[in-house]
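The task is simple: from the sequences and hints, build the whole structure.
Sequential numbering of the sequence shown, starting at 0, is according to numbering that gives the first Met the number 0.
No wet-lab data here; the hints were simulated from the structure.
Cβ coordinates follow ideal geometry from the N, Cα and C atoms, glycine included.
Per label pair, the in silico range of CB-to-CB distance: (1) Trp41 to Cys70: 13 to 23 Å; (2) Lys88 to Ala4: 31 to 41 Å; (3) Thr30 to Val51: 25 to 35 Å; (4) Trp86 to Ser25: 18 to 28 Å; (5) Val45 to Pro22: 21 to 31 Å; (6) Cys84 to Gln31: 17 to 27 Å; (7) Ala63 to Arg27: 51 to 61 Å.
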Amino acid sequence: MAPSASACFAFSIMQGINGAIRPHKSKRFRTQWEWLHKGSGWIAIVLGIVNVSLGCFLVVGPDAVWIAWFCWLGVLTAVAAIFECLWWKQGGYPPVKAHMTSTTARA
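Encoded structure:
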């Protein structure tokens, strides 16, 4: 198995584990968790694309396979970029308030 396939598998498994240990919105590390979850998800997607692209090169097939894959990849990349820009335009993740502890409540 290629190293990129192993890394893609590991990041995919990490997504499930991250979902299981997700802190509540009011907790202290929620913002960091959201960045980790989103970042590792994008890494898994990119590594998956790399794996499929490498597979297209390794398959001895007609040029139409390569052309179809890279056209589809271009469409998906454009759609992902548009949605990501719209998401950031709306403000991205809202800031999470720090978890209030008993020491900060008395101040």
